[in-house]
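> Each chain is listed here by its residues.
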Amino acid sequence: MTGLGGGSSNRRTFLSLLGAGTAVVTGGATLSACSSDGKASSATGHAETEDKLAGLLPKYISYEPVKPDLPGQNGADPGFTKYPAQLQRALPDKPVTSGKEVSAMTPLWGPLPPGLGKNTYFDANNERIGAPVRFNVVNGIEYGDKLGPVLAAGNVPELLCIPGWEISGQTRFSQAVDKLFEDLTPHLAGDKAAAYPMLANLPTRAWAYGVWNSQLKAVPFPSNGLPWALYYRKDLFTKFSAEPPKNMDDVLALGKELTDAKANRWAFGSISDEVARAFRAPANWRKDSSGKLLNKIETPEFEEAVAFTRKLFQSGYVHPTVVGNSGTDQKPLFEGGQILVYQDGPGSWAEALQRQLSINPSFDMQAVTPFAHDGGDAIVWGGDPAGIFTFVKKGVGEQRIKELLGVLNYCAAPFGTEEYQLANYGVEGKHYTKESSGAPKLTALGSKEVANTYVFLGGRPEAITQSQYPGYVQAMSAWQNESCKRFEKNLFEGIRVEAPSKLAALNQPFDDKLQDIFRGRRPVSELKSAVQAWRTGGGDEGRDFYAKVLSDNGR
Amino acid sequence: MSSHAVNPAAAATTGPPGRAERPVWEEEPTRISRVGKPVVLAIVFLIIAFPLYVVVVTSLSSTEAVTRAGGLVVVPRDLTVAAYVQLLSGGVVTRALVISTAITAVGTAFSLLITMLAAYGLSRPGSLWHRPLLFVVLLTFLFGPGIIPSYLLVNSLGLIDSYGSLILPTAISAFNLIVMRAFFMGIPNELIDSARIDGAGEFAVLTRIVMPLSKAVVAVVGLFYAVGYWNAFFNAMLYLNDNTKWPLQLVLRTYIVQQQALPSGAGGVTASPGLGLTPAPSLAIKMAIVVLAVVPVLLVYPFIQKHFTKGVIVGAVKG
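Chains G and L are the protein sequences, given in the same order.
Every letter in the first sequence is one number past the one before it in full-length UniProt numbering, and letter 222, counting from 1, is 222.
Every letter in the second sequence is one number past the one before it in full-length UniProt numbering, and letter 76, counting from 1, is 76.
Simulated from the structure, these hints should not be mistaken for lab results.
Mixed in with the good hints, there may be bad ones.
Said to hold, decoys possible - In silico DSS-like pairs for lysine-lysine, Cα to Cα no more than 30 angstroms straight-line:
| hint | chain 1 | residue 1 | chain 2 | residue 2 |
| --- | --- | --- | --- | --- |
| 1 | G | LYS100 | G | LYS192 |
| 2 | G | LYS393 | L | LYS245 |
| 3 | G | LYS441 | G | LYS67 |
| 4 | L | LYS245 | G | LYS100 |
| 5 | G | LYS118 | L | LYS37 |
| 6 | L | LYS245 | G | LYS430 |
The structure presented is a predicted model; accordingly, all values stated were derived computationally and were not measured.
With the rest of the complex left out, here is chain G:
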């Protein structure tokens, strides 16, 4: 389940594969070296409101190197049904004129590439940038563990990428931001952003989330906010003459129709978030009739969703491996046809197509159009318009700040530019070749050297581009447009709220109990006591915090 605060909980499901070893020391992440005079922090929560920040934010200047074939509505991404024949050069000049090495720290979800001096992909990008960028990449899963000490010691690189989901785990984060990172307002507010056209092309809503303590502190990484999709195997549905569900009766019927343990086939993997959404439980908080804030888990809709999910498990419609272990990697089971319906992140769609189409050309997965439990109007949970932030180290000097913003400007170049292509795939003919569809395909050298490094230094407007998979762009665009128009009304729209760390820490214990209830290890009646434990453990304090955020903003 996603976190109770609406964001995705960061589950650590694989501690033991390599063994933690004896050198691991444990301890909570605190920000011991930071000053204590700040007025807000992640320990107690923090909020910034978009509409109060108008004077700080960069003026939006659209930059569209390629016109999309399928425009995105209501926040959905634009779709490109073919790769551009000609790439546009977005930046004529090198951003770093001093030639001085740039230090940067980013997360990485992938194999470690060869380092500077042994990596021609780095060389090619650095040639365009005008200076070597020395990356300190850290495994995405442990990134928060490193952030805490690095912030506490003030030992930050010139450019530091901080994912939003790591912020709630950092105590007194706002004070660290104040103390360690440059105020970008004088360089980017209003028309000044025109000097960095790729940054000016980022959505204003995303920029609002880059404000801390009434200063523009970070370059945001825009996001459409769609947390996951419910996927089904269309090829197998066709084989069994099944249709995607339109209500919960359909879901149960599919469970009965598709599950055949003897054939090693089960209808569902984990779909508990999707069930809660379909029952119209809120993603986060909502007000009851008296105006009191209610968390998702306190609503009757959530209770119904839990009972329904338990029923799915008890009926034997969920794959036994998923029943046995909630942390099961469901991708191989879905792609191998043992699970026919499951939920996963939007990005997993194209990744599965990449893996499977070459070995199973008939493989066809599609996303289910969001539906409500009763077949009525569905809601869709929305996330924040920016999920990752890049900060510039404080005290590096005016000229250096301009150079560093130039690097971020380079990294923010959108689809259809030479810079985007270079940062994502390297040099044509060397790191990638073009398929007949125009899609880049990494060479053996590219597979070794190319890594998501520059890509994590700056966000860019999202786009659906993988047209090499027949029908994918059209299907993803249609699903996003259908989903985005159903976004649930969010009480905190336009307010970046950092959940108090105490509240964030309640997610995992509650989710553990929930998983037990689904699997019949605890009676369903224990949901009430789990909710009560959540309230007394910090949930009620969290409610007060969120209520104050709303009242401070006149809502």
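Based on these hints, arrange chain L on the given structure of chain G.
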């Protein structure tokens, strides 16, 4: 061992030895036990060996085989070394292998040296402040330093980005120190006193008397340290900013992290560059990583095994 000496005496007082007087373990095995023992042993062997077999087979399986099996592969088909090729190509993993080997060798030697010195000092009754010092050591069992204080200390010592940061903060394990101290205390004082009478100083007593008698515990503690250094990845992640200095386990971990979905809000960025060559199957990579991580320990263990056995016997005789 002693039953042969005891039995004749018993026989002399109770008459000629018969089947009834034999110890149970000297009886002819029954048909059930003759059949049952190998069966039980085979089951135990399978319980241990089967997971290893599945790990190795899956690591050698193709994408199709992993997909067909829906996960772990039991029946080998379409065997390929693609996962190993992907791991070992590019020079990053091989470089990390050299670094890990060096860290393990140097770290184990250093840790053993200072653990032996500390254990010897704390095991001698007349040592200065040995009880308060022992108390401080025991305290570390209860209270860890925490990540941030450790980082601040390493940072203030100027060890960030140095290999020393992978050895010094974990150079002594309180557990290993206590184990070794207990072993040293079991060495008869008469031996040490006689050495002193012969004119040996503390260093000579340690190197000529105590150490030769303590090979078993040194082997055991050395293995604990070596496995610890070999498996450690967290401190490297914390203290090393230069990725070219990463040890093997941290590099291998990047392949596991590759298979994790990014949290929502990642702005469409996927784990891999996405449009590359068809990747080796994720599970095959994971299993190849397990093989690479475990094999060195499996290779070293047989050479140390005899010391383990000896250590157990010595401990048993000393009671």
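> Are the Cα positions of LYS118 (chain G) and LYS37 (chain L) separated by 30 angstroms at most?
violated, 58 angstroms
> Below or equal to 30 angstroms on CA atoms is what counts here, so check LYS245 (chain L) against LYS100 (chain G).
holds, 23 angstroms
> Just to be careful, I want the Cα atoms of LYS245 (chain L) and LYS430 (chain G) compared with a cutoff of 30 angstroms; is the pair within it?
holds, 27 angstroms
> Are LYS393 (chain G) and LYS245 (chain L) close enough, with their CA atoms no more than 30 angstroms apart?
holds, 24 angstroms
> Quickly compare the C-alpha distance for LYS100 (chain G) and LYS192 (chain G) to 30 angstroms and report which way the hint goes.
The hint holds at about 24 angstroms.
> Keeping to a limit of 30 angstroms between CA atoms, is the pair of LYS441 (chain G) and LYS67 (chain G) held or broken?
Given that 30 angstroms is the threshold and the Cα spacing comes to 23 angstroms, the pair holds.
Checked against the numbered hints given earlier, this structure breaks only hint 5.
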